[in-house]
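2 protein chains.
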Amino acid sequence: MADPRAEILRAAARLFAAKGYAASSLNELAAAMNYSKGAIYNYFSSKQEIYDAIIILSLTGLHDASAAAVAGVGDPAERLKRFMMAHARFLADHHDSFVTMLVGFSGMADVALKQDALALRDAHEGLLRAVVADGVAAGLFREVDPAVVGRAVLSLLSWMARWFRADGAKSAEEIALDYYDLLLRGLLSRAPDERPAP
Amino acid sequence: MADPRAEILRAAARLFAAKGYAASSLNELAAAMNYSKGAIYNYFSSKQEIYDAIIILSLTGLHDASAAAVAGVGDPAERLKRFMMAHARFLADHHDSFVTMLVGFSGMADVALKQDALALRDAHEGLLRAVVADGVAAGLFREVDPAVVGRAVLSLLSWMARWFRADGAKSAEEIALDYYDLLLRGLLSRAPDERPAP
Numbered sequence: 002m003a004d005p006r007a008e009i010l011r012a013a014a015r016l017f018a019a020k021g022y023a024a025s026s027l028n029e030l031a032a033a034m035n036y037s038k039g040a041i042y043n044y045f046s047s048k049q050e051i052y053d054a055i056i057i058l059s060l061t062g063l064h065d066a067s068a069a070a071v072a073g074v075g076d077p078a079e080r081l082k083r084f085m086m087a088h089a090r091f092l093a094d095h096h097d098s099f100v101t102m103l104v105g106f107s108g109m110a111d112v113a114l115k116q117d118a119l120a121l122r123d124a125h126e127g128l129l130r131a132v133v134a135d136g137v138a139a140g141l142f143r144e145v146d147p148a149v150v151g152r153a154v155l156s157l158l159s160w161m162a163r164w165f166r167a168d169g170a171k172s173a174e175e176i177a178l179d180y181y182d183l184l185l186r187g188l189l190s191r192a193p194d195e196r197p198a199p
Numbered sequence: 002m003a004d005p006r007a008e009i010l011r012a013a014a015r016l017f018a019a020k021g022y023a024a025s026s027l028n029e030l031a032a033a034m035n036y037s038k039g040a041i042y043n044y045f046s047s048k049q050e051i052y053d054a055i056i057i058l059s060l061t062g063l064h065d066a067s068a069a070a071v072a073g074v075g076d077p078a079e080r081l082k083r084f085m086m087a088h089a090r091f092l093a094d095h096h097d098s099f100v101t102m103l104v105g106f107s108g109m110a111d112v113a114l115k116q117d118a119l120a121l122r123d124a125h126e127g128l129l130r131a132v133v134a135d136g137v138a139a140g141l142f143r144e145v146d147p148a149v150v151g152r153a154v155l156s157l158l159s160w161m162a163r164w165f166r167a168d169g170a171k172s173a174e175e176i177a178l179d180y181y182d183l184l185l186r187g188l189l190s191r192a193p194d195e196r197p198a199p
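First to last, the protein sequences are chains A and B. Residue numbers for the first sequence follow this note's numbering, beginning at 2 and rising by one. Residue numbers for the second sequence follow this note's numbering, beginning at 2 and rising by one.
The set of hints was computed from the structure by calculation and includes no laboratory data. Incorrect hints may appear among the rest.
Same chains, same label: a pair holds when it works inside one copy or across any pair of copies.
Keeping only pairs whose Cα atoms sit at most 25 Å apart, straight-line, the calculated DSS-like set for lysine-lysine is [stated by the list, open to error]:
no., residue 1, residue 2
1, Lys48, Lys20
2, Lys20, Lys115
3, Lys48, Lys115
4, Lys48, Lys171
5, Lys38, Lys48
6, Lys171, Lys38
Throw the hints in and build the complete structure from the sequences for me.
Rendered as structure tokens:
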């Protein structure tokens, strides 16, 4: 294999996503890869180490993809749109890893790596909050709380790990665009103060 | 115990939420309850049966709570607000069960019960879509797709199972209100066609 470490992580994410982390074994992983268990031990010392590596790799890639998507874009609304589409696309392209993260739930064992994971998550959310804060400062967005909006955006996108199907009616980016449009414009057909009195 | 069946489901949800379903055993459950394993078998024949019962009970309660919250309320925006607050409150009050559902991921074994669970989920989402469609029909909401809005609302609320803490700064209902306000009014400080040309 060209990159055995990456191959192991991909196969492990597929296995964990299908069976759950606790119910998966390195024997099954080795069998699925036509690999010996010893060969896997050349790269990882335990199932837990593989799990931790999947989380770090996914969060790193997710943040890099979103950061690259907004780089050099000035308009806050356009930045928000590109952030959301990049996040959704990355999730769809690494679906097994995101299901593993969802199912793993507080499962990282290595304390230093767990700190890294939290830092990556904070960087991702921080970038998003900055986009929202910029939009408020520019007068383009209402005086919303960037923390609330950031959490809402990441909730919408994260939950896609639970239901998104690559063979569904809409692509991940189309779904992100639907959410973006809803968040940007809201439900009301006009501003509340323009509504006729009841 | 007053209601041993309910007590077993509560304790099992706590255990599954903390350890994950696959890593939990009936021995641990019995020990946590100061119960014999035989006593648990008086009510459930397997760990899987307990898991399935938690899912059905949670979805039933969730839908009943939201349906009761909107009953007799006419204004679609007010109905949406009450639906979201009731959903969030029920999730917070049954947090372990929702974490179990999140982590369980496609884990139901009983085919008939799985059909029941899907029907309950569809009823819950159907009620929400009807609220949105009513708002569109009344001219209060824009011409949004009720399926997109319904999915967005349920994504925001469902993801709370992942991060909500009862001892956090905001109650579940306050969080639901934040999301409701964001969805209703959107981010833009004014309608797009009122924005000054760039």
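Hints, one by one, checked against the model:
1. For the identical chains of this complex, Lys48 and Lys20 are neighbours both inside a copy (14 Å) and across copies (17 Å), given an alpha-carbon limit of 25 Å.
2. Taking the closest pair of Cα atoms, Lys20 and Lys115 come within 25 Å of each other both inside a single copy (23 Å) and across two copies (18 Å).
3. Proximity of Lys48 and Lys115 under a CA criterion of 25 Å is satisfied intra-copy only: 16 Å inside one chain copy versus 31 Å between copies.
4. Taking the shortest Cα distances, Lys48 and Lys171 never come within 25 Å of each other, neither inside one copy (34 Å) nor across copies (37 Å).
5. Taking the shortest Cα distances, Lys38 and Lys48 sit within 25 Å of each other inside one copy (11 Å), while across copies they are farther apart (31 Å).
6. When the C-alpha separation of Lys171 and Lys38 is checked against a cutoff of 25 Å, the pair qualifies neither within a copy, at 39 Å, nor between copies, at 48 Å.
When held up to the earlier numbered hints, the structure conflicts with 4, 6 and fits the remainder.
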